[in-house]
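*Asks:* Sequence:
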Amino acid sequence: MKKAKKALSKDNAVDFTPNSLKILEKRYLLKDQNGVVAETVEGMFERIAKVVASPDAQYGYEEKSQIEFYNLISSKKFFPNSPTFTGAGTPLGQLAACFVLPIEDDLGKHPDGIFSTLRNAALIQQVGGGNGFSFSDLRPKGTLVKSSMGKATGP
6 MKKAKKALSK
16 DNAVDFTPNS
26 LKILEKRYLL
36 KDQNGVVAET
46 VEGMFERIAK
56 VVASPDAQYG
66 YEEKSQIEFY
76 NLISSKKFFP
86 NSPTFTGAGT
96 PLGQLAACFV
106 LPIEDDLGKH
116 PDGIFSTLRN
126 AALIQQVGGG
136 NGFSFSDLRP
146 KGTLVKSSMG
156 KATGP
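When we follow my numbering, the leftmost residue of the sequence shown carries the number 6, and every step to the right adds one.
Read the hints as simulated data drawn from the structure, not as lab findings. Quick reminder that beta carbons are idealized off the backbone N, C-alpha and C, glycines included. Honestly, I wouldn't trust all of these hints.
Derived DEER-like restraints, expressed as beta-carbon distance ranges [as the list claims (entries may be wrong)]:
no., residue 1, residue 2, range
1, S59, E30, 23 to 31 Å
2, S25, S141, 35 to 43 Å
3, G133, P107, 15 to 23 Å
4, S59, L123, 29 to 37 Å
5, G48, C103, 26 to 34 Å
6, S59, S87, 14 to 22 Å
7, K151, Q131, 34 to 42 Å
8, D110, V132, 22 to 30 Å
9, P96, E73, 49 to 57 Å
10, F140, E73, 37 to 45 Å
Capping the alpha-carbon separation at 25 Å, the derived lysine-lysine pairs in DSS-like fashion look like this [what the hints assert, rightly or not]:
no., residue 1, residue 2
11, K69, K55
12, K55, K36
13, K82, K31
14, K146, K156
Using the sequences and the hints given, assemble the complete structure.
*Replies:* Rendered as structure tokens:
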């Protein structure tokens with residue numbers, strides 16, 4: 006990061022409107038335990054760039070990627086999704102916004118059944134994620150349900 010900080014020049018100083026800064030302070034800048042803003046906009050960009058670039062460490066490109074990503078966001082050429090702003094460098098570390106969960110054709114006997122999916126959906130929503138569902142594994146309408154000898158009602 007020392008080399009990276011040298012590469013982060015004042016040419017990349019971030020220029021936002023007062024209203025934009027208020028939104029950043031309210032929603033995205035990290036706060037301390039008392040709710041006081043604990044980082045600058047540039048610090049937030051550094052935090053995000055460090056996390057996004059970290060997988061490249063295994064290839065020896067972490068520092069280069071960190072500088073490139075910082076330059077992209079500080080120049081406003083690219084902004085990641087909101088969860089990346091709020092989750093990067095935090096204990097939760099949640100960077101994704103949307104999740105697609107499979108709905109298995111089982112009401113509770115199977116560990117990955119419908120109610121397990123419901124629980125997972127609730128946990129995802131608890132951390133600010135959104136859910137989509139795949140119903141492709143549910144048996145078609147009219148198919149025999151062996152346990153009751155009835156017929157499936159859908160999808």
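*Asks:* Each hint should be assessed against the structure and marked as holding or not.
*Replies:* Against the structure, the hints:
1. Distance hint check for S59 and E30: the Cβ-Cβ separation is about 26 Å, which falls inside the suggested range of 23 to 31 Å.
2. At roughly 42 Å, the beta-carbon separation of S25 and S141 lies within the given 35 to 43 Å, and the hint holds.
3. Between G133 and P107 the C-beta distance comes to about 21 Å, which sits within the given range of 15 to 23 Å.
4. At about 33 Å, the beta-carbon gap between S59 and L123 stays in the expected band of 29 to 37 Å.
5. For G48 paired with C103, a C-beta distance near 27 Å keeps the hint of 26 to 34 Å intact.
6. Judged by the Cβ atoms, the range 14 to 22 Å given for S59 and S87 holds: they are separated by roughly 20 Å.
7. Taking the beta carbon of each, K151 and Q131 are about 36 Å apart, inside 34 to 42 Å as hinted.
8. The beta-carbon spacing between D110 and V132, approximately 27 Å, falls within the hinted interval of 22 to 30 Å.
9. Between P96 and E73 the C-beta distance comes to about 26 Å, which lies outside the given range of 49 to 57 Å.
10. Our hint of 37 to 45 Å for F140 and E73 holds, since their Cβ atoms are close to 40 Å apart.
11. Pair hint K69 plus K55 holds up; C-alpha atoms about 10 Å apart against a cutoff of 25 Å.
12. For the hint linking K55 to K36, the alpha-carbon distance of about 18 Å falls within 25 Å, and the restraint holds.
13. Under the criterion of a C-alpha separation no larger than 25 Å, the hint pairing K82 with K31 is consistent with the structure, at around 22 Å.
14. Only pairs whose Cα atoms come within 25 Å are accepted, and K146 paired with K156 is accepted, the gap being roughly 7 Å.
Checked against the numbered hints given earlier, this structure breaks only hint 9.
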